[in-house]
Every structure is written in C-alpha cells, then in structure tokens.
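Residue numbers (this note's numbering), protein chains in the order written: chain X, 139 to 547; chain B, 301 to 566.
Honestly, the hints are just simulated from the structure, not real lab data. Each hint should be verified, as a subset may be incorrect.
[To be verified] Straight-line Cα separation of at most 20 Å, EDC-like style, residue types lysine to aspartate or glutamate; simulated pairs:
#1 Lys460/B to Asp176/X
#2 Lys172/X to Asp469/B
#3 Lys281/X to Glu361/X
#4 Lys460/B to Asp332/X
#5 Lys465/B to Glu445/X
#6 Lys464/B to Asp176/X
#7 Lys460/B to Asp175/X
#8 Lys373/B to Glu445/X
#9 Lys333/B to Glu315/B
#10 Lys437/B to Glu445/X
#11 Lys465/B to Asp175/X
#12 Lys464/B to Asp175/X
#13 Lys486/B to Asp175/X
#14 Lys444/X to Glu411/B
#15 Lys172/X to Asp380/B
#16 Lys373/B to Asp152/X
#17 Lys377/B to Glu450/X
#18 Lys377/B to Glu445/X
#19 Lys444/X to Asp469/B
#20 Lys160/X to Glu416/B
#21 Lys488/B to Glu450/X
#22 Lys413/B to Glu445/X
#23 Lys160/X to Glu411/B
#24 Lys140/X to Glu405/X
#25 Lys417/B to Glu445/X
#26 Lys444/X to Glu435/B
#27 Lys331/B to Asp332/X
#28 Lys183/X to Asp195/X
#29 Lys429/X to Glu518/B
#30 Lys437/B to Asp175/X
#31 Lys493/B to Asp332/X
Source: prediction; values computed, not measured.
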Amino acid sequence: MKLKRGIPLIDQHDQYGFWGGKFGGSFIPETLKKPVDDLTNEFKKLRKDKKFLKKRDYYFKNYIGAPTSFVKLNNLTNQLGGAQIWAKVVSEANGGAHKIYNATVHALICKAMGKKYIVGDTGAGYAGKMLSMAAKKFGLKCKIFMGAKDIKRQKPNCDAMRKNGAEIVPVFSGSQTLVDAVSECMRYWVSNCDNTHMCVGSTVGPNIFVKICGWSTAQISRELKLQLKSEFKKIPNKIKLINCVGGGSSAYGFWSEFIDYNKKKIELIGVEAGGPKKSKLHAAPLSRKTKIGILHGAASYVCQNKEGQINETESISAGLDYPGVSPMHCFLKDTKRARYTYATDEEALNAHQMVTKYENLNPSLEPSHAFAEAIKIAPKLSKDTIIIVNSCGDAKKDRDILRERLGIK
Amino acid sequence: MSSLINQAFQNARNENRPALLTYTVAGDNTKKKSLEILKSISNHADICELGFPHNTPIADGGQIQTSAYRAIKNGIKINDVFSIAKDFKKTKKNKPIILMGYYNMIFQYSENKFLEKCKKSKVDGLIVVDLPYPENKSFSTKCKKRGINFIQLVSPTTSKIRLKKIIKDSHDMVYYISMLSTTGGKLKVSSRKILERYSKIKNQNKSKNVVIGFGITEKTIKSLKKADGLVVGSAICKEITNSINRRQNTVTNVTSIVKRLKNKIK
Chain X
139 MKLKRGIPLI
149 DQHDQYGFWG
159 GKFGGSFIPE
169 TLKKPVDDLT
179 NEFKKLRKDK
189 KFLKKRDYYF
199 KNYIGAPTSF
209 VKLNNLTNQL
219 GGAQIWAKVV
229 SEANGGAHKI
239 YNATVHALIC
249 KAMGKKYIVG
259 DTGAGYAGKM
269 LSMAAKKFGL
279 KCKIFMGAKD
289 IKRQKPNCDA
299 MRKNGAEIVP
309 VFSGSQTLVD
319 AVSECMRYWV
329 SNCDNTHMCV
339 GSTVGPNIFV
349 KICGWSTAQI
359 SRELKLQLKS
369 EFKKIPNKIK
379 LINCVGGGSS
389 AYGFWSEFID
399 YNKKKIELIG
409 VEAGGPKKSK
419 LHAAPLSRKT
429 KIGILHGAAS
439 YVCQNKEGQI
449 NETESISAGL
459 DYPGVSPMHC
469 FLKDTKRARY
479 TYATDEEALN
489 AHQMVTKYEN
499 LNPSLEPSHA
509 FAEAIKIAPK
519 LSKDTIIIVN
529 SCGDAKKDRD
539 ILRERLGIK
Chain B
301 MSSLINQAFQ
311 NARNENRPAL
321 LTYTVAGDNT
331 KKKSLEILKS
341 ISNHADICEL
351 GFPHNTPIAD
361 GGQIQTSAYR
371 AIKNGIKIND
381 VFSIAKDFKK
391 TKKNKPIILM
401 GYYNMIFQYS
411 ENKFLEKCKK
421 SKVDGLIVVD
431 LPYPENKSFS
441 TKCKKRGINF
451 IQLVSPTTSK
461 IRLKKIIKDS
471 HDMVYYISML
481 STTGGKLKVS
491 SRKILERYSK
501 IKNQNKSKNV
511 VIGFGITEKT
521 IKSLKKADGL
531 VVGSAICKEI
541 TNSINRRQNT
551 VTNVTSIVKR
561 LKNKIK
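Chain B extracted, bound-state conformation (with noise of 0.2 Å):
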C-alpha cells in the first residue's frame, strides 16, 4: 500500500497543484494551542510537519528558534510532542504528519525507543536535520523497518554524485534546500534558478515526491508552484509570534495564513 506521505502528493497532483507543507513546533505556544493549530490548519495543508524543539538549533533562522524557545520554555517535552502527533492523528487519520528536529533529542531518547513512539503514534515521517547522509544510513533502515519515511535533505552545495547516492537511499519524499542559508532567510535566488536544479533532482528518479523548503513566504510561493510540494515554515512561526504579541488568536491567524498560501498555489 502506498504512503500517506505518497497519497498526499498524488491527491495535489490530481488537483494539477503542489503540495502544501507546514512547520510549527510543538509545543508554540503551548501545548494545547500548538495541536489545535495543528488541526486546524490541516483543513488546507496537504502534510504537516511539526518540530520537536531544540535549544542549540544550527540550521534555524531567527522565527524558528524564537518558536522552539518559546515552546521549550513553556514546558514541552519530547513525550509531549509524540501525545500532541497522536492526539491529531486521531481525528486526522488520513493526514501525514512529519516530525522534524536534531538527532540529540533522538540519540537521548534513544534511536529504537523514538521510532517505536513514532509508531505507536501514527507518525509517517521524520526530518533529522543534522544527520546527513552516509551518516544516516543505519536510521534510515531502521525507519524503513517501521514503515516510517525517513526524508533525504538535498542544498545546492551537493554534488552530483553524491544526490545519487542520496535519491538511491531516499524513500518517498526528498526535501531540496532552495538555497545557502537557514530557515526563514529572504529567497536570495531567483526561482527559475531554484526550479532548473530542482528539476536536476526530479529527473534522477521520477517516482520520488521532491520538494522545496527555505524562504517560501506568501510573496515567493507561487512563483515555484511546479515543485511536487513547497514548505513553508518560517512565515508561519513568524504570524504565531505576531499574534501572541498583539494579543490576537493564533489558531485564526495561522489558519487564515496558510489558506492563503494555497490559495496561491491552486
């Protein structure tokens, strides 16, 4: 049987449209606020991908720390994160959701220990951004055991030989980082330059559902409509920040942000 995360993408391609991914941390601002986000966006995301948050994160731009800060001075745990994933899956049971952090928080936990939790709380992948391939070999087979999706990150600093062995090892979804920077840095390439390498990804193996993340925002999103999915993180953390600042209701604002961003993109 095909994947969720498989599913999703063949439901956009259907509609002739990328998919919608989304990034919250969970746990921001609470518990309780970050799931009912969580919910409630998933009326328009295609795949949410929620952040176990860590406090030395070297690949996140500044909205994503100040979320992951945020959550983690709130209280949250890693067991809260996997309690929040299956609460969702309960009333979303056909949407992917992706956990996505730094392998610490898995190596504590410990690799066999995590998976098992991801299991038995209907996670369908999972994004470790610090653990690189070749290095993420035997975690990638251990995933695969489980019938979770272990996805691939590709940049533009990787070389040709080396996407090979990465698509090889890759299972249903490759995640392409636009361009040299953190997340929720300003897209300081153009997007034809961002869809020509993409497309360098796409033809090595047609099968795999590639998307792009990295300073997608309302403003860029439409322009790189032709990828199989677009994420976007960094604009959502930022509206949550605004919203608790202005005192105003975060779940309505997300929600309304990210409707828009499909809209852009239908």
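The following block holds chain X by itself, in its conformation from the complex (with noise of 0.2 Å):
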C-alpha cells in the first residue's frame, strides 16, 4: 500500500472506489446505484467546468469568507514553552465551521443537478444548520437528519437549522446520535432519490461523498500554504499539523495540500474522541485498535463487535461521535503517513479551559480535542517547531454542555 504523489488524495483510489484496495469503495443497495453514479459522472465535469469553479470561489470567498486568519497563540506559546502554537481558525467561517465548504459545494451541485431537495445528516449539528443555510441561500428544500440525543445537547445549532427554514427530522434508532441519522438520511434517499440530493456531511459514506467532501474541504490547506508562506517566506522546516478527526473532513482538508511533504518535515495528527476516561466507550477507530468493516457504504476501521454489529460510541462532542472514520484516513494511517491518537472528554474539556483563558479564541468540542494534543506535545518540541491547530469550530453551540461540565456561562 503507497501514497502516490502529485495526485489529489481523493483521486487516489481504484476503480471501485477503494483507497489502498481495501478502503472505501461504495456498499449502496441497487436502488442507489444510478443516482451515485450520475453524481460521480456530474462531479467529474463540475470539478474542470471553469464556470463552476468560478462560481464555488465566488461563493468560498464572498458567502463563507474565505481566507480564514492563521493566528500565533503566543500567551499560550509562552504558558507551554517549547513549540510555538498556531491556529488556523476555520471557525470564522460563515455558519462558524468547516462544515459550510462541503454544504456550500452541494447546494452548487444540487443546483447543477437541476435538483429541488437537499437532505443531510447532522451531529453536532453544524454540517445541518450549514447545509440549512446554503440550502436558504440557494432556494433548495431542506431536510437535516439528525439523532434524537444530538437534538437534545446541540440545541443551538438546531435553532439556527430551523431559523433557517429546514425540517429537522429526528432519529429514535439505535444510540441517537450521527451513527443513526446518517442510516436515516441514506434510507431517505432511496425513497427519493429522483428528486433529491443527498450530502454526506463528512468525508465518509459511499467513495462518491468523500471525494465530494475532501474537494470541498481542501480550500483550507490551499488557504494555509498561502499563509505559511507569506508568514515564514517558505515552508517552515518542522510543522506538525493537528487536527480532530470523526469522520474526517476537516482533518483531510487541513491536511490535503501536505500530504505530499516528507513527514519528517510536516507531520500529520489526527486526534480522536476517546470519550469519558472511565468508559470503555469511544469513538477512535483508528487510534483504538479496530478491525476493518463495512459502514454507511464504506469500507473502514470501525468500532464493531466481533460479528459486525457496530458499536455504540460515547463522546463528549457530537462531532467526533461517530463509529467510522473516512477511508482516506485509513490509508492515511497504513501508509504511516498521518499518525492518529486520541483525547478523553476531560482532556478536551481542560484544554478547552486553557484555550479560552490564554486566548482570544473559542474553539468547540471537537478541535478541543487537537488543542488537547497539542498542549501535550509543545512542552517537548523545539522553539522553531511550528504546531497548527485547526480550531475548526466555534464552541456557542457547546453553551449548555461547557455550562454543564465547568460552570462557564
């Protein structure tokens, strides 16, 4: 298994969609076949249509706001002394995450597809409420699925989803969080995938979705190497890039534009959810020792039983609450390119605490848990060491939880 060079990682796979030959590949029943495939042929011409990708930069920098800033945290830095510690912070992006590239992109391709509906899943609720928007802004009926459970502890982005004119559809299935919604949302659309399209709000589900995503996502690594070079003059020798990963979508595309670097030079982290300290539960597929299985249509590591039941997670974010990961992630890891570890809840809560005390900066759950990383490993790392954190997310929508876990308001 190799990394090939020169090749977008997403173009990386075979021709059945598998990264490495066993990673990906699309699963789908017979019904969604025609529609996958119309999406694979019609994101195929939109992606060397110039139009079109006039358009999405038109969109990625008047609608979501791009370039996203590339800050040094020195109070931070100093705090820790050893590496010096940056964010990019993705999070002043429109809708306050990562998650409006990909939505942004599909509400495009929808249009494209001469489509009226948009359905989505959601779990911390931020890939909903950007889909919500971009759907308000593009004139496209909305749907989000999302897990009972999520619905209860991201009350703020539901709001905004609603605000924006989408129905939220709950799901009761299983253990109510992304896991579910995701099968709601798939079996959805084989009800109605004459008129509807559907986006995956990671960079996981049949390989169609994770390319469409990591296309999308990607606008932040081509944002970074800009910035790191108008900052340092070239590329700084020792970088470690670290980013959270559920499924993985803001961590490949923080990453997409590195991976063809030595890693000796620039090194790749991705953080998982470990979940509570005391619970056996997580949802760190590749940093906890899982076998490869069949998820959502998608080959990876995940967390499952022996027969292939697939777990249930626990994770303080919603975000990371996933039991699957992208299959560019698995690649990513078995080609030893990207290392991957995980932080618990505590860890993530702390460093959340450290962050906001030290700086003016607000990161949710999810990149808390790449903070968390980071703060471990900068004490160790040289002055000229250059640590990037994707702060991928604002933490309003954790109010309740961050009020409920440490008292903040």
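Mind assembling these two chains? They're in different frames, but the hints should get you there.
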C-alpha cells in the first residue's frame, strides 16, 4: 500500500472506489447505484468546468469568507514553553465551522443537477446548520436528519437550522446519534433519489461522497499553504498539523496540500474522541485498534463487535461521536503518513479551558481534542517547531455542555 | 439437477400461481420462536427468506428494523442463524431457504467461512443488500461454486445496460425492487407500472425466476400475481410486533397471515 505523489488523495482510489485496495468503495443498495453514478459523472464534469470553479471560488470568498485567518497563539506558546503554537481559525467561516465548504459545494451541485430538494445528516449540528444555510441561500428545500440525543445536546445549532427553514427529522433508532442519523438519511435517499440530492456531512459514505467532501474542505489547506509562505517566506522545516478526527473532513481539508511533503518536515496528527476517561466506549477507530468493517457504504476501520454489529460510541463532542472514519484516513494511517491518537472528554474540556483562558479563541469541543494533543506535546518540542491546530469549530453550540461541565456561562 | 429454488418456482407454475416468498428475521423475537415461525409458515410459503439482523440496516424500513433490533437485543448471533437454518432443513429438507442481510456480517465472518457454513446448513441462496453488481462478482462466483444461489437485485433505477449485465450474471432468481423505497414502504407505484417493468426484466431471459418485493401486503399482493414470485417481509414482521404487543401467539398469527396471502394468489 503506497501513497502517490502529485495526485490529490481523493483521486488515489481504484476503479471500484477503494483506497489502498481495501478502504472505501460503494457498498450501496441497487436503487442507489444510478443516483450515485449520476452524481459521480456530474462531479467529474463540474470539477473541470471553469464556470463552476469560478462560482465555487466566488461563494467561498464572498459567502463563506475565505481566507480564514492564521494566527500565532502567543500566550499559549509562552505558557507551555517549547514549540510555537499557531491556529488556523476555520471557525471564522460563515456559520462557525468548516462544514460550510462541503454544504456550499453540495448545494451548488444540487442546483447544477436540477434537483430542488436536499437532505443531509448531522451530529454536532454544524453539518446540518450549514446545509440549511446553503439551502436557503440557493433556494433549495432542506431536510436534516439528526439523532434525538444530539438534538437535545446541540440545541443552538437546531435553532439555527429551523430559523433557516430546514425541517429537522429526529432519529430515534439505535444510539440516537450521528450513526443513526446517517443511516436514516440514506434510507430517505433510497426512497426519494429521483428528485432529491443527498449531502453526506463528512468524508465518509460511498466513494463519491468522500471525494466531494474532501474536494470542498481542501480549501483550508490551500489557504494555509499561502499563509505559511507569506508568514515565514517559505514552508518551515518542522511543522505539525494537528486536527481532530470524527469522520475526518476537516482533517483531510487541513492536510490535503501537505500530504506530499516528507513526514519529518510536516507531521500530520489526527486526534480522535477517546470518550469519558472511565468509560470503555469511545469513538476512536483509528487509534484504539479496531478492525475493518463496512459502515454506511464504505469500508473503514470501524468500532464494531466480532459479529460485525456496529458499536455504540461515546464522546462529549457530538461531531466526533461516530463509529467509522474516512477511508482516506485509514489509508493515511496504514501508509503511516499520518499519526492518529485520541484525547478523552476530560482532556478536551481542560484544553478548551486553557485555550479560552489564554487566547481570544473559543474552539468547540471537537477541535479542543486537537488542542489537547498540542498542549501535551508542545513543551517537549523545540522552539522552531511550528504546531498548527485547525480550530475548525466555534463553541457557541456547546454552550449547554460547557455550562454543565465547567460552569461556564 | 435443478436447484430447490428452481423447483419451488416450477411447482408454483404448475399450480398456475406465483411462488410466495416470506421474509422473517432470525431470532425474532427469540431463537426458538423464530424457528417455530419459520417451520409453521413454510407449510404455506414456497421459499423462506431468513434475515440475519444487522444494527445499521441502510435499506430497511421501520418494520424490519424493529424486528432486527429486537432479535439482536435478544442475543441472536450469526452462528444461531446458521443453526436455525440447519434445524429447519432437518424437517423441511425440500423447502428452499435464503439468507438475507448486509455485507459486513459476511465480511467479519470471512466470505469463505460464511459460505462453507451456509453449505453445511443447507442454505439454498443468499441476498446481500449492500453488495451490488459488479462489486459482487467474485462473491457471486464463490457462491456458485458451492451450489448456493446468489440472488441479484434490480430496481426501477437500474439502467438498461446494467440490467442486461446483471441478468447475465444472475443465477436462478432475480429480485425486482418494486419502487424507490426502503422495505415496507407504501406501494407508491401502480401495479400496472410495476408489472410493465417486471416484463422488461423477465423478457431478458425467460429462464430466470423474477420475483417482486417491497411494499407487498395482503392488500396489494393479488394485483401482482402475474410475477414468478412475490416477497412479503414487512407485513409479516409487523404482525410479529403486533402479536408481541398484544401478548398473542406469534406463530399462529403469522401463520394465518401467510395463509391468507397464499389464498389471495391461488
């Protein structure tokens, strides 16, 4: 299994959609074969279409607000000693998280395909909120599938979705979280694929959805590459790019331009959700030894039992609370290009507290997992090491959880 | 020698009616009960489909999901599914049984081991919901080698070219999904339309047995009786749920619904 150079990772799959011969694919019911093929062909066409690219860039700049800023966290750096800590503040994007890139692109594709309805899944509610925003912006009718448990714990985002005119469909099956929301959304698409476009909220699902999402979030690393060059004159020699990984859309987007670099120069570190310290449950398929399985139409490392039943997961952060992970991250793990670890709920909360105490930054619980790793390793590293954390979401949505766990208003 | 599946269709044809295929979930609501149900309904059904439940079923509607979750909750394991099939075959050795489920269960068991186990348990066929053509080619070949029917699915969205290829690659039976829906949806397409599409599939190769499934209930079954076979799943699972809720005998209730279904297509 080998990574190729000079080819975007999203295109390094075989004819059946597998990365490294075993991750990804399209394990879908027959009914979805045609809509998935149609979407695949449309995307192939659109990504080469200059007009479409111009449109994308226009909305990325004027609607999403590209580029998001790249800042040094001086206080945190001084406090920890060791490596310099920087942040790519992706949470500045319209709506408050990286999910807006994928949502905007899907809305544009939906329009291009002449469909009027768009549906999507959501965990933390960001994917749903952004899809509802994009749907409103482009005049599409929108339905969001969301686990009943997540609806309760991410109320601010639900309010936003409703305000944007989207219908939230609560999902009561299974663990009532993201995994069930994705299943229910796919079921809905099976029944309505003739007039409805489906957006998968992360770099998961059948091959084409992994590709579209990765293609969309790659904007983050395109910006960062320019910002690094302008800040340091050239790409520095010791960089560590730290990103949380649930499905893996923000991590892929943060890394895509840098995968070709030597890992000694640019290390890629993915941080999964380790769950509560005292619980056996987690949402860390890459860093806590799981086997390959098929979930939601793709093969990836999956939290599952011996029989192949998908395990319940547990994490304080709804956005990372998912038993599977992007096939591209499985590929990056097995080729050893990226390193994956996890942070517990408690570590993420501590990191959130520390970052907000020293910096004018309010990372949500998802990137707080990445900050936890940065805080852990920074003191041991040299001063010329540049740690960059993708602060990919804003903590407004976590208001209720933070109040409960930390007493923060 | 012709497969038991082929023979079942031939028997029905001789009686001038479509074959009746039932779907129940192994272990719903217990291992023992599901075997009893299976044995009892097989007196009226021509072919029995037995689901091996998965907890992330992306193509199943509410009724079958409920049955699947119930079976898993009551502790059903994949080896229990095989033992149910094997037990069933001890007394009903000429009644074809088809296992149906999602690919991850097979993948975790390992394809070869799974198929060996099927063979030992005298399973006649397999339907894997999320392993479409052409990805299923190698698995389907493995099935054939062991004398197990791999059943291809086609749907209203299947293109002409694709249909040709799928039929060419199919074994004795092809499953036509009546409409764009998960299992157990309300039949939203007219029977005439469904049969029109059915004929197009059938005309590709008359020797293949083509069954129609999804949305078939006591109300709709009669209108589709021109098909080679008709599958009823959700309506049966729903009856199991209702019987449990009313604390009634699931075996008797499910058997009588299957009997009624059969009478409607005689």
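Verification of the supplied hints:
A distance of roughly 15 Å separates the Cα atoms of Lys460/B and Asp176/X; the hinted pair therefore holds under the 20 Å criterion. Under the criterion of a C-alpha separation no larger than 20 Å, the hint pairing Lys172/X with Asp469/B is consistent with the structure, at around 18 Å. For a cut-off of 20 Å, the pair hint linking Lys281/X to Glu361/X is broken: about 31 Å separates their Cα positions. Simply put, Lys460/B and Asp332/X have alpha-carbon atoms about 17 Å apart, close enough for the 20 Å limit, and the pair holds.
For the proposed pair Lys465/B and Glu445/X, the alpha carbon gap of about 33 Å is over 20 Å, so the pair is violated. Straight-line distance between C-alpha atoms of Lys464/B and Asp176/X comes to about 19 Å, which keeps the hinted pair within the 20 Å bound. Proximity of Lys460/B to Asp175/X is assessed by CA-CA distance (about 14 Å); at most 20 Å being required, the pair is judged to hold. For the given pair, Lys373/B sits about 14 Å from Glu445/X by alpha-carbon distance, which is consistent with the 20 Å threshold.
Among the hinted pairs, Lys333/B with Glu315/B is inconsistent with the structure: their alpha-carbon atoms are about 31 Å apart, more than 20 Å. For the proposed pair Lys437/B and Glu445/X, the alpha carbon gap of about 24 Å is over 20 Å, so the pair is violated. For the suggested pair Lys465/B and Asp175/X, the alpha carbons sit about 16 Å apart, so the restraint of at most 20 Å is met. This hinted pair checks out: Lys464/B and Asp175/X have alpha carbons roughly 17 Å apart, not beyond 20 Å.
For the given pair, Lys486/B sits about 26 Å from Asp175/X by alpha-carbon distance, which is inconsistent with the 20 Å threshold. As the CA atoms of Lys444/X and Glu411/B are separated by approximately 15 Å, the hinted pair is consistent with the 20 Å bound. Straight-line distance between C-alpha atoms of Lys172/X and Asp380/B comes to about 36 Å, which puts the hinted pair past the 20 Å bound. Taken as a hint, the Lys373/B and Asp152/X pair is broken in the structure, with Cα atoms around 38 Å apart against an allowance of 20 Å.
A C-alpha spacing of about 17 Å is found between Lys377/B and Glu450/X, which places the hinted pair at or below 20 Å, so the restraint holds. Taking the CA atoms of Lys377/B and Glu445/X, the gap is near 7 Å; set against the 20 Å cutoff, the hint holds. Taking the CA atoms of Lys444/X and Asp469/B, the gap is near 32 Å; set against the 20 Å cutoff, the hint is violated. As the CA atoms of Lys160/X and Glu416/B are separated by approximately 23 Å, the hinted pair breaks the 20 Å bound.
Straight-line distance between C-alpha atoms of Lys488/B and Glu450/X comes to about 35 Å, which puts the hinted pair past the 20 Å bound. The straight-line distance between the Cα atoms of Lys413/B and Glu445/X is roughly 13 Å, inside the 20 Å bound, and the hint therefore holds. At roughly 15 Å between alpha-carbon atoms, Lys160/X and Glu411/B fall within 20 Å of each other, so this suggested pair holds. Note on Lys140/X and Glu405/X: the hinted pairing holds, with a Cα-Cα distance of about 17 Å set against a maximum of 20 Å.
Restraint check for Lys417/B and Glu445/X: the C-alpha separation of about 15 Å stays at or below 20 Å, so the hint holds. A threshold of 20 Å between alpha carbons decides the hint, and for Lys444/X with Glu435/B the separation of about 24 Å lies outside it, so the pair is violated. Among the hinted pairs, Lys331/B with Asp332/X is inconsistent with the structure: their alpha-carbon atoms are about 39 Å apart, more than 20 Å. With a C-alpha separation of about 17 Å, the suggested pairing of Lys183/X with Asp195/X holds against the 20 Å cut-off.
Annotation: proposed proximity of Lys429/X to Glu518/B is violated, straight-line Cα distance about 43 Å (limit 20 Å). Straight-line distance between C-alpha atoms of Lys437/B and Asp175/X comes to about 18 Å, which keeps the hinted pair within the 20 Å bound. For the hint pairing Lys493/B with Asp332/X, the CA-to-CA distance comes to about 16 Å; that is within 20 Å, so the pair holds.
In summary, the numbered hints that this structure violates are 3, 5, 9, 10, 13, 15, 16, 19, 20, 21, 26, 27 and 29.
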